[in-house]
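Listed in order, the protein sequences are those of chains A, B and C.
The opening residue of the first sequence carries number 5 in the working numbering; numbering runs sequentially from there.
The opening residue of the second sequence carries number 15 in the working numbering; numbering runs sequentially from there.
The opening residue of the third sequence carries number 3 in the working numbering; numbering runs sequentially from there.
Note that these hints are calculated values from the structure, not bench results.
Keep in mind that the hints are not guaranteed to be accurate.
To be verified - So the derived list for chain A, only partly shown, Cβ under 7 Å to chain B, looks like this: (1) Gly229; (2) Asn243; (3) Pro318.
Unchecked claim - Calculated pairs, DSS-like style, for lysine-lysine (alpha carbon to alpha carbon, straight line, at most 27 Å): (4) B:Lys266 to C:Lys271; (5) C:Lys67 to C:Lys127; (6) C:Lys127 to B:Lys280; (7) B:Lys162 to B:Lys50; (8) B:Lys162 to A:Lys242; (9) B:Lys50 to B:Lys93; (10) B:Lys266 to A:Lys127.
Cβ atoms here follow ideal geometry from the backbone N, Cα and C, with glycine treated the same way.
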Amino acid sequence: MGKYLIRRVVRGLLTVFVSISFTFFLLRLIPADPVSMMIDPKMSAETVAKMTAQFGLDKPLFIQYFIYLGQLLQGNFGVSFKNRDLVTSILLQKLPWTLILLSLSVSLALLVGIPVGIKAAKKRNGIFDRSINIVTMIGISIFIPFLSFSLLYLFGYLLRLLPTGGAYTPPPIKGLAFTVDVLRHAVLPTFTLFIGNCTSIILYTRNSMIEVQKEDYIRTAFAKGWDDRYVTRRHALKNAMIPTITATGIMISSLMGGAIMTETIYSWPGIGRQIFDSVAALDYPVLQGAFLFLSVTTVLINILTDLVLAWIDPRVKLGGVRI
Amino acid sequence: MADILRFENFRLDLQNDEGQRYNLLDDISFSLPDGKALGIVGESGCGKSITSLAVMRLLPAAARVVGGSVYLKGEDLLKKTEQEMYQIRGRDVAMVFQDPVTCLNPVLTIGFQIAEAIRRHNPEDSDAAIKDRTLALLNRVGIPNPEKRIKNYPHQFSGGMRQRTMIAMAIACSPGLLIADEATTALDVTIQAQVLDLMMRLKEGGSFMFITHNLGIVAEVCDEVTVMYAGQIVEAGAVEEVFLHPAHPYTKGLLLALPTLEFTGKKLYNIPGVVPTVQNFTTGCRYAPRCDYAKPVCSESKPVRCVLNDNHNVACYLYEEVRV
Amino acid sequence: MMDENVLLRVRALTKHFNINNSWFSKPLLLHAVDDMNFDLIRGQTLGVVGESGSGKSTLARLLLKLIPATSGEVTYRGQNILPLKERQSNFLRRDMQMIFQDPYASLDPRIRIGDSIAEPLWEHKLYRTKDEVLERVGTMLERVGLQREMVHRFPHEFSGGQHQRINIARALVMNPRLIICDEAVSSLDVSVQAQVLNLFNQLKEEFDLTYIFISHDLSVVKFVSDTIIVMYLGEMMEQAPAGELFTETAHPYTKALISAIPNPNPTVKKKRILLEGDIPGAVNLPSGCRFCSRCYMAQSDCESTHPELREISPDHWVRCHYSKAGIGRGD
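Turn these sequences into a full structure, and let the hints steer you where they fit.
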């Protein structure tokens, strides 16, 4: 097991390395000059040159790359072009907000999605299943900005029930009232993410339950005299969860930084929003830092998912040889 | 001697996704006396597997029972509620299925899967008592090192051992009737011999129904045999009678088509034509299209069962003179 | 010296799979096939019988060069075909064909059977016009007992037995010299099996074919074969002319196999030899005889000394220290 983990970690580091290198060069392929975002048309050419040099952008590409790698190894993730803050502190500030949305939407998606998926599979092609089918079809196809704006319009403007943006109404206050305020602000973005996640979970669960129900070992369990509820709970569920767990792992990875549209529309100060802003500002260091963060989390989540799957499914032998 | 199992005029259709219905089992009637072993033999599509599943009431989704009765110890299983069947399965009748690879849950231990067979009908037993019974069962079916093996998962067992596990689960509550559906087909020949031998030893006293396409197994293991073709019973009786003096053209053809070890000829007997699928069943005797002796009446209506002697009956117009 | 009658000469054919695929560990070898030696006589059928793990399917794939061998020699038409590159092996693909077990899986369901059969003809440019190809395919279909008009049908319109006939037609259309049948009738019903087996024999005469017939079913193998090889865990345990294998059985494993076959004659009550335990895996094999863990005749040196093949009578080879011909009689 230990050997397996070491191998995975090494492969993970390799993945991260490739990812950040890729990011580095890809960003610099953007045909725009980051310095141009920061200057005033009134500045002199001299000042511009000085600024460029300050950010190391005048050096040849490969030199910049090695400097970057060197800084990384020292734990220096750079400084934002836009506001000169440390990249690490920027990201760390945004991270908790993303985590709030992530944990709320994923937990709700699992809590609702799994039972719904199971029920739809049990009475396949029944009324429940067919209505769920329609709902999931809508859920998958819906255009996120459309959904977000409609919800904002309905609940934020027309009904004035929920706030229209941000994570809290400033100034930040302490204690329970703050938590409530944040939660109020989180309702709409969480719901938007929840729609997509829940739909996925329902589909995966339903489909794998249908497959599992057809399996011979289910018939064996019935042959022993057990009833439907026991057989579903004890035999079908564990096997049916395997694809769902994989899907959940992927979902979490992508939500880490991928909820860009949602966070931006709701002005939620998470990592996705930060990425959006940094792209607009051509803020390379922040983007590099964010993508580095995302690769690391994805690798970690993948390893975790594999471990969970190995725990559930005894046929999976981690990195070993099965004769 | 009372019959432990009796099928009376059992009819069953298959309905596909588009709603089309085809009759598969046409008037199946046979009985199994208590304490005996009955073999149901036939080629693919003849309905022998579904017949056995009907006893367990574990029919596939496409099956539709049209009529008839299935009596287990005198009680019609078709009239039982699902709740009542939960009691009957495993306790009064149990089944060993064909493919040990797919019939065991891959994520649960062998010990658990055997224990739950015991626990289902013995809910008051303590965990320790159930564990003891599990180990005893593993011993009985010839699995060495049972203490270690109960913690194993199915993928760590070989095919023969998995089949032994299936047998252990089936006999866990000492059912009166044990059904084996092609239970050795997926096994290697030497392993098959072991498993057959095991089942023969375990059957002492109980009743046994063996579904297979392998005539040799039926000859060795069973007392009586029922031959099915395309959902109809064509011949039935004591194994010696049917195998040594086959009456129905199909049975004769089947026996002649087998390359046995004693056969020295260059050419096997060829039953012309192919085994029909359920959509292509004909009216009357369904074997008529392939039969060398077919008469016009054969395709019009199904032949009645003719009794040849105490232990042998056949459904064929060739034997009309001896009709019951 | 090359015997004109020997189509294939196999010497010391071995295949080991390395099942440990990480860079950091020692290779773990699976001995799929070890030291196969036999001559395939032209016009004859060689039956190869064995259970799971015996290596019989791997042997077929080695002979057809579908997988590379670890060592050994296979001589065909005077040259060792194993080291040949794919480009140089074209003639092999014409001369040697294979029929597989699962009739349904062997045909592409989206291609009409006529096109499936014609595919190798186009590939090897054996005919020039479409009409010629169609004529050839139609003839083949008739030869295997189907109708010429079925050329335009799709595989799902046929039954299992008919599938196998189509596969046979496809194998024959190239006019091969050797056909390897890997469990070709195992998934067929008894009545259909009889038809296909009869067809094999008939075609052998008609087309001057040589067969290698692989199966786990000894009764079937006995019916079709002139010579039989019994394999266990990758090694050849016994080789004999078909009749002699049963009357003068030498190897204890062969005897157990024969005894395990259920006989449809209920009056024959034979004493069956039951082997202990399961078939072991072909990894970490003992240094002695591979069968000794289950052998009812095993002696103390069977575990340490590996038996070699010895010829106990003309064309009858056995790999056993203690076998004697005739243990099949009156035991």
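*asked:* Less than 7 Å between beta-carbons is the criterion; does Gly229 (chain A) satisfy it with respect to chain B?
replied: With Cβ-Cβ at 4 Å, under 7 Å, it holds.
*Report holds or violated for the interface hint on Asn243 (chain A), using the least CB-CB distance to chain B and a cut-off of 7 Å.*
holds, 6 Å
*Given the hint that Lys67 (chain C) pairs with Lys127 (chain C), does the C-alpha gap stay at or below 27 Å?*
holds, 21 Å
*Satisfaction of hint between Lys93 (chain B) and Lys50 (chain B), Cα-Cα up to 27 Å*: holds, 25 Å
_Just to be careful, I want the Cα atoms of Lys266 (chain B) and Lys127 (chain A) compared with a cutoff of 27 Å; is the pair within it?_
violated, 47 Å
*Taking only the CA atoms, is the gap from Lys127 (chain C) to Lys280 (chain B) under or equal to 27 Å?*
violated, 37 Å
_Hint check: Lys266 (chain B) vs Lys271 (chain C), CA-CA at most 27 Å. Holds or violated?_
holds, 22 Å
*Does the interface hint hold: is Pro318 (chain A) within less than 7 Å of chain B, judged Cβ to Cβ?*
Holds, because the Cβ-Cβ distance from Pro318 (chain A) to chain B comes to roughly 4 Å (cut-off 7 Å).
*Is the hinted pair Lys162 (chain B) and Lys242 (chain A) satisfied, with a Cα-Cα distance of at most 27 Å?*
Within the cut-off at roughly 24 Å; holds.
*Taking 27 Å as the top limit, are the C-alpha atoms of Lys162 (chain B) and Lys50 (chain B) close enough?*
Violated. Lys162 (chain B) to Lys50 (chain B) sits at ~36 Å, over the 27 Å cutoff.
Hints 6, 7, 10, counting from the list given before, are not met by this structure.
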